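> Residue strings, one per chain:
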Amino acid sequence: AQKVTQAQTEISVVEKEDVTLDCVYETRDTTYYLFWYKQPPSGELVFLIRRNSFDEQNEISGRYSWNFQKSTSSFNFTITASQVVDSAVYFCALRVTFYNQGGKLIFGQGTELSVKP
Amino acid sequence: DGGITQSPKYLFRKEGQNVTLSCEQNLNHDAMYWYRQDPGQGLRLIYYSQIVNDFQKGDIAEGYSVSREKKESFPLTVTSAQKNPTAFYLCASAGGVTDTQYFGPGTRLTVL
Chain A
1 AQKVTQAQTE
11 ISVVEKEDVT
21 LDCVYETRDT
31 TYYLFWYKQP
41 PSGELVFLIR
51 RNSFDEQNEI
61 SGRYSWNFQK
71 STSSFNFTIT
81 ASQVVDSAVY
91 FCALRVTFYN
101 QGGKLIFGQG
111 TELSVKP
Chain P
1 DGGITQSPKY
11 LFRKEGQNVT
21 LSCEQNLNHD
31 AMYWYRQDPG
41 QGLRLIYYSQ
51 IVNDFQKGDI
61 AEGYSVSREK
71 KESFPLTVTS
81 AQKNPTAFYL
91 CASAGGVTDT
101 QYFGPGTRLT
111 VL
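In order, the protein sequences belong to chains A and P.
Quick note on this note's numbering: the first sequence kicks off at 1 and runs consecutively.
Quick note on this note's numbering: the second sequence kicks off at 1 and runs consecutively.
Hints listed in this document are in silico derivations from the structure and should not be mistaken for laboratory results.
Predicted model, so just to flag it, every value in this text is computed and none were measured.
Watch out, some of these pointers could steer you wrong.
As the list claims (entries may be wrong) - Some chain A residues flagged as far from chain P (calculated, every beta-carbon gap over 12 Å):
(1) Ile11
(2) Glu15
(3) Gln39
(4) Glu44
(5) Ile49
(6) Asn52
(7) Ile60
(8) Ser61
(9) Arg63
(10) Trp66
(11) Phe68
(12) Gln69
(13) Ser71
(14) Thr78
(15) Cys92
(16) Gly103
Stated by the list, open to error - When the alpha-carbon atoms are kept at most 25 Å apart in a straight line, the in silico SDA-like pairs for lysine to any residue are as follows:
(17) A/Lys116 with A/Gly62
(18) A/Lys38 with P/Pro8
(19) P/Lys57 with A/Phe47
(20) A/Lys38 with P/Ser22
(21) P/Lys9 with P/Glu24
(22) A/Lys38 with P/Gly95
(23) P/Lys57 with A/Tyr32
(24) A/Lys38 with P/Asp59
(25) P/Lys57 with P/Gln17
(26) A/Lys70 with P/Thr100
(27) A/Lys38 with P/Lys70
(28) A/Lys3 with P/Gln50
(29) P/Lys57 with P/Asn84
(30) A/Lys38 with P/Asn28
(31) A/Lys3 with P/Gly96
(32) A/Lys70 with A/Pro40
(33) A/Lys16 with A/Ile49
(34) A/Lys3 with P/Thr98
(35) P/Lys9 with A/Val46
(36) A/Lys3 with P/Gly40
(37) P/Lys9 with A/Ser87
(38) A/Lys3 with A/Lys116
(39) A/Lys38 with A/Gln109
(40) A/Lys16 with A/Pro40
Heads up, the beta-carbon is just placed ideally off N, CA and C, and yes, glycines get one too.
Chain P extracted, bound-state conformation (with noise of 0.2 Å):
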């Protein structure tokens, strides 16, 4: 089945700890992206790619950073230097950039 995973979907922090969440496409998309959902808000943008090895910061980059090493994954670390990381992180990924996002389940995140 083609589509988008994301992995895990739980994931627990201590503060000052670095994590990594997973995001895998196999819909041959060229752009992906990672939104920021938190509890009775809309989603903001954090990074995309619209190729291997390019990327750009959203409306909300720091404290975050991303890899595009291959077309089917496009990784997201949460930094120490991200003040309030407990979220939903959803990552998307599209044709091009001017094509529809489809979306992965999410990852929620929470620091403890």
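Here chain A stands alone, though its shape is the one from the complex (with noise of 0.2 Å):
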């Protein structure tokens, strides 16, 4: 079975402060995708990263950092010195690679980050 969990319902911090979002998967195939997506207030979701289940460098972009650990299964998502405009929904997600799920995204439950000023 595929599976994501983020067992972090809500974070709320205050500015400057960093902050960690916690991802697990579960999943079977030896080759597979995780993605993390911000949902504003807008409702939009905006992607952040793409990670392939090869590649388990981790990974820098600005504030925002990835750590990719396939011995726990984890994808951990960390904004360092957050600011207020960081408030959103975050969701993991991952991608079964099979070619008849047609590139299916299974989503966690979503992380709902406050940050305070």
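Could you use the hints to bring the two separately framed chains together as a complex?
Structure follows, in structure tokens:
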């Protein structure tokens, strides 16, 4: 079975704090892709990152960084020096690779991040 | 500007009525998707289309129908058979089934 778990439903931090959003996935596939999307109050999902199962290098993009560990089936997302504009719901997603699945994304429940000034 | 548009942004429906949600993309993407989001939950796949004139059911297709007559367009009809249609509907597209999906702004449907 394919599954994504985001155990943190809500997180509240004060501006400039660092915050880590957890994502744990389950799959029997050896080839898969993991994603993070941001959903601001407007509702549109904004793509942040895609990582394939063969690339365990951590990635940094500005204040954002991602830690992918296959040994623990985790793909955690850290925001350094958080800002009010980071307030949103963040989704982790897993894509199965079987062609007949059509590229379906399996989403976690989402983590609502609130950054207070 | 290249992107995905959805209309309307808000839609109100009376029970027993069918309604159609629009999704258009000018990214020249082959694959298009419809997801449903309920409060406090992740997205669930309703239908997807990998190519014009072809589409497949997702996990929660009952009570919904789609068409894909043009590459740019993938409208979703919420029929009266859908028992609980009030939700936020998101359309996405991708270059192919192995590519990243990009999402439109969504349509919030409320049944009165």
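> All hints are to be evaluated individually against the structure, with a verdict given for each.
For each hint, the structure was consulted:
Non-interface call for isoleucine 11 of chain A relative to chain P: holds, since the shortest CB-CB distance, roughly 14 Å, exceeds 12 Å. With a least beta-carbon separation of about 25 Å from chain P, glutamate 15 of chain A lies farther than 12 Å from that chain, consistent with its non-interface assignment. A cut-off of 12 Å between C-beta atoms contradicts the statement that glutamine 39 of chain A is not in contact with chain P; the least separation is 9 Å. With a least CB separation of 4 Å from chain P, glutamate 44 of chain A falls inside the 12 Å interface cut-off, contrary to its annotation.
Not every beta carbon of chain P lies more than 12 Å from that of isoleucine 49 of chain A, the smallest distance being close to 9 Å; the non-interface claim is violated. In this structure asparagine 52 of chain A is not separated from chain P by more than 12 Å, as the shortest Cβ-Cβ distance comes to only about 10 Å. Distance check for isoleucine 60 of chain A against chain P: the nearest CB is about 19 Å away, which clears 12 Å, and the non-interface claim stands. Chain P leaves serine 61 of chain A outside its interface by the beta-carbon criterion, the shortest separation being 15 Å against a cut-off of 12 Å.
At roughly 21 Å from the closest C-beta of chain P, the C-beta of arginine 63 of chain A stays outside 12 Å, upholding its exclusion from the interface. For tryptophan 66 of chain A, the non-interface assignment is confirmed: its Cβ lies about 15 Å from the closest Cβ of chain P, beyond the 12 Å cut-off. With a closest Cβ-Cβ approach of about 16 Å to chain P, phenylalanine 68 of chain A is found to remain outside the 12 Å limit, as its non-interface label requires. Once the 12 Å rule is applied to beta carbons, glutamine 69 of chain A is consistent with being away from chain P; the minimum gap is 22 Å.
At roughly 25 Å from the closest C-beta of chain P, the C-beta of serine 71 of chain A stays outside 12 Å, upholding its exclusion from the interface. With a least beta-carbon separation of about 21 Å from chain P, threonine 78 of chain A lies farther than 12 Å from that chain, consistent with its non-interface assignment. Separation of cysteine 92 of chain A from chain P is inadequate, the least Cβ-Cβ distance of about 9 Å not exceeding the 12 Å criterion. Not every Cβ of chain P is farther than 12 Å from the Cβ of glycine 103 of chain A; the closest lies at roughly 3 Å, contradicting the non-interface assignment.
With a C-alpha separation of about 20 Å, the suggested pairing of lysine 116 of chain A with glycine 62 of chain A holds against the 25 Å cut-off. A hinted pair counts as satisfied when its Cα atoms are at most 25 Å apart, and lysine 38 of chain A with proline 8 of chain P qualifies at roughly 22 Å. Of the pairs offered as hints, the one joining lysine 57 of chain P and phenylalanine 47 of chain A holds, with about 24 Å between alpha carbons and a cut-off of 25 Å not exceeded. For the hint linking lysine 38 of chain A to serine 22 of chain P, the alpha-carbon distance of about 23 Å falls within 25 Å, and the restraint holds.
Taken as a hint, the lysine 9 of chain P and glutamate 24 of chain P pair is honoured in the structure, with Cα atoms around 13 Å apart against an allowance of 25 Å. In summary, the hint linking lysine 38 of chain A to glycine 95 of chain P is supported, as the alpha carbons are separated by about 20 Å, within the 25 Å threshold. For the hint pairing lysine 57 of chain P with tyrosine 32 of chain A, the CA-to-CA distance comes to about 21 Å; that is within 25 Å, so the pair holds. Distance hint between lysine 38 of chain A and aspartate 59 of chain P is fulfilled; the C-alpha atoms sit about 23 Å from each other, no more than 25 Å.
For the hint linking lysine 57 of chain P to glutamine 17 of chain P, the alpha-carbon distance of about 22 Å falls within 25 Å, and the restraint holds. Restraint check for lysine 70 of chain A and threonine 100 of chain P: the C-alpha separation of about 21 Å stays at or below 25 Å, so the hint holds. For the hint linking lysine 38 of chain A to lysine 70 of chain P, the alpha-carbon distance of about 29 Å lies beyond 25 Å, and the restraint is violated. For the hint linking lysine 3 of chain A to glutamine 50 of chain P, the alpha-carbon distance of about 23 Å falls within 25 Å, and the restraint holds.
Annotation: proposed proximity of lysine 57 of chain P to asparagine 84 of chain P holds, straight-line Cα distance about 18 Å (limit 25 Å). With a CA separation close to 24 Å, the supplied pair lysine 38 of chain A and asparagine 28 of chain P stays within the 25 Å bound. For the hint linking lysine 3 of chain A to glycine 96 of chain P, the alpha-carbon distance of about 23 Å falls within 25 Å, and the restraint holds. Annotation: proposed proximity of lysine 70 of chain A to proline 40 of chain A is violated, straight-line Cα distance about 29 Å (limit 25 Å).
Our distance criterion of 25 Å between C-alpha atoms is met by lysine 16 of chain A and isoleucine 49 of chain A, whose separation comes to about 22 Å. At most 25 Å may separate the alpha-carbon atoms for a hinted pair to count; lysine 3 of chain A and threonine 98 of chain P meet this at roughly 19 Å. Note on lysine 9 of chain P and valine 46 of chain A: the hinted pairing holds, with a Cα-Cα distance of about 17 Å set against a maximum of 25 Å. Under the criterion of a C-alpha separation no larger than 25 Å, the hint pairing lysine 3 of chain A with glycine 40 of chain P is consistent with the structure, at around 17 Å.
A distance of roughly 22 Å separates the Cα atoms of lysine 9 of chain P and serine 87 of chain A; the hinted pair therefore holds under the 25 Å criterion. The straight-line distance between the Cα atoms of lysine 3 of chain A and lysine 116 of chain A is roughly 31 Å, outside the 25 Å bound, and the hint therefore fails. Under the criterion of a C-alpha separation no larger than 25 Å, the hint pairing lysine 38 of chain A with glutamine 109 of chain A is consistent with the structure, at around 13 Å. Note on lysine 16 of chain A and proline 40 of chain A: the hinted pairing holds, with a Cα-Cα distance of about 19 Å set against a maximum of 25 Å.
The structure is inconsistent with the numbered hints 3, 4, 5, 6, 15, 16, 27, 32 and 38, although it conforms to all the rest.
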